[in-house]
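Mapping of the sequence shown onto the working numbering: position 376 corresponds to residue 369, and the numbering continues sequentially without gaps.
Calculated from the structure, these hints are not laboratory results.
Misleading hints may appear alongside valid ones.
What the hints assert, rightly or not - What follows is a list of derived Cβ distance ranges for each label pair:
(1) GLY173 x TRP339: 45 to 53 Å
(2) VAL205 x GLY241: 25 to 33 Å
(3) TRP339 x GLY249: 29 to 37 Å
(4) GLY59 x TRP194: 34 to 42 Å
(5) GLY53 x THR460: 52 to 60 Å
(6) ARG200 x ALA368: 29 to 37 Å
(7) THR112 x VAL205: 34 to 42 Å
(8) THR427 x THR364: 18 to 26 Å
(9) GLY59 x ALA481: 39 to 47 Å
(10) TRP339 x LEU373: 44 to 52 Å
(11) PHE56 x GLY249: 19 to 27 Å
(12) GLY245 x ARG200: 40 to 48 Å
Everything numeric in this text was worked out from a predicted model, so none of it was measured.
Beta carbons are placed, not taken as given, at the ideal position from N, Cα and C, and that holds for glycine.
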Amino acid sequence: MSTAAEAQPAPPSNVLTGNVLTGCEYPVIGVTAVILGAFISSLNTRITTFGLADIRGGLGLGFDEGSWLITAFGAAQMIVTPAAAWMSTVLSTRRVMLWTGAVFTVASVLPPYTSDYNTLIVLQGIRGLAVGAFIPAALGFVLRSLQPQWWIWGIAAYGFRFVFSQNIAGALEGWYSESGNWQWIFWQNAVLTPLMMAMVWIAMPRRAIDRVLLARTDWAGVIYAGFGFGMIYAGLDQGNRLDWLNSGVVCGLLLGGALLIVAFFIREARAEFPLIHLPVLTQRAVFMAALLISLYGFGSTASSFVVPDFLTRIQGLRDLQIGDVLNWIALPQLFLVPLVAVLLRWIDARLMLLIGFSMISFGSWLNTGLTHDWAGPDFLPSQCVEAIGLAFGITALVTYAVAHITPPQAAAIAATIQIARLLGAEIGSAGIQTFVRVREQTYSNLIGLHVQSGAAKVVGAAAQLATPFDARQTAHTDPALQGVRVLAGLVQREAYVLAYIDAFWLITWVLLLGVVSLLVLRAPPPNPMTPPRIKFPR
């Protein structure tokens, strides 16, 4: 005779821990909370970059001092990333989000009132450490809280916040700047983060600390990986400004970070309970997913730098005007991402990746016809194409990666994906800035070879450009000298335009490399989100 317990169906399995689904009383609210946290993290990274000039002006900082504000914030996020997913499992997502949310809220209120530079750097580091836990905690909670048939919608929301926050930040910072409220670059978090914490408090279950796992935590590995990747991130972020290997600071950061990473791998190979099981990283599916996320991060971040930099440097537009252009990528995500979520229920994620990477590459190629006359509306075709590519790419990428997660590998894969995304984005940002700077110098020299002092055409052009200054001549200005300066500015303008064209070509080829790499992707295992019916061709 069967008992009642035997008659009850077994609870659904948890992809990340192998246990039952979390007892989240309001799963939609809980998932909304972690997605909002991930959005806050991505938005802060981007909006601080856009608003750096306003922050420097408001706090009286120099260019070099301001650059370290962004580096301290980003490097601190990287330090906490390797351990964030693991600590969410050990301490519970609820504790991690509430504790770090409280710290982040307080630390975000103080910077506008801080006049001491060292204190400001410390606050930025604290803010980065706190908000760095938001993204790694998000995806795991989504999968633990939702039934498998709803995972795709959680993944779509997770992907949506990345593209949307990256591109809406320009318009938001522009509005803060135009209204004279630059302080809200920081204070916005005092509104958004408590809202996230309230939803966490309502929706997420209380769970005791897993003291067995806590005792097994590889603290040495946490320190080696965190500070190793953090130093590498800081070296990359300061590389372009300090001229890379010509700077002892950059060399020290990169070399020190590399040594710590080597120590981390040695430690993990010998540890009884490693933070990341190294064999997981050698699996083709995990390695390729990390590589593709890095390439995606490179392409999306590089593109989001080149267009705003062109509009600022060549057209002299302000952040609010640049935000209008970036909104052509941000706003279509509201209907593109749900569309991708529906398509992924029927189409192989690799096909969607092919579409996404191809569209981003094609959008970048459309911009290779750039001239100095281009303004915001001229970027509309390429921005719309890239909006489609970015939506398809990130959602399909996360879906493909999730399909390969097994309980023992969850923490390693979550950490690997987040590290790859951050490093890929930073390599894209630092690499494309250096590429544009070097190409501009090259083209300035090449164009300058055809602008020879004393040549009839050069003298005539300088005289023509000096004409407007004749009517406003003063004892302290020489119209002829002003004309030469204007001519030099035109040479530099055209050099920058050519450099931006080369940058778009570089992004195009990098994304095409991602397209080619799709050929080695294996089919994902059976997917509880509904097996795809349209397969990737063999």
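How the hints compare with the structure:
1. Checked against the hint of 45 to 53 Å, the C-beta distance between GLY173 and TRP339 comes to roughly 50 Å, which is consistent with it.
2. The hinted range of 25 to 33 Å is not satisfied by VAL205 and GLY241, whose Cβ atoms lie roughly 45 Å apart.
3. The hinted window of 29 to 37 Å between TRP339 and GLY249 is violated, with their beta carbons roughly 49 Å apart.
4. Checking the proposed 34 to 42 Å range against GLY59 and TRP194 shows it holds: the Cβ atoms sit about 36 Å from each other.
5. Between GLY53 and THR460 the beta carbons are some 40 Å apart, a value that contradicts the proposed interval 52 to 60 Å.
6. Remark: the range hint 29 to 37 Å for ARG200 to ALA368 is contradicted by a beta-carbon distance near 54 Å.
7. Between THR112 and VAL205 the beta carbons are some 39 Å apart, a value that agrees with the proposed interval 34 to 42 Å.
8. Between THR427 and THR364 the Cβ separation comes to about 24 Å, which falls inside the hinted range of 18 to 26 Å.
9. About 27 Å separates the C-beta atoms of GLY59 and ALA481, a value inconsistent with the hinted range of 39 to 47 Å.
10. Between TRP339 and LEU373 the Cβ separation comes to about 31 Å, which falls outside the hinted range of 44 to 52 Å.
11. Separation of PHE56 from GLY249 is about 25 Å and conforms to the stated range, judged on CB atoms against 19 to 27 Å.
12. For the pair GLY245 and ARG200, the supplied restraint of 40 to 48 Å holds, since their beta-carbon distance comes to about 42 Å.
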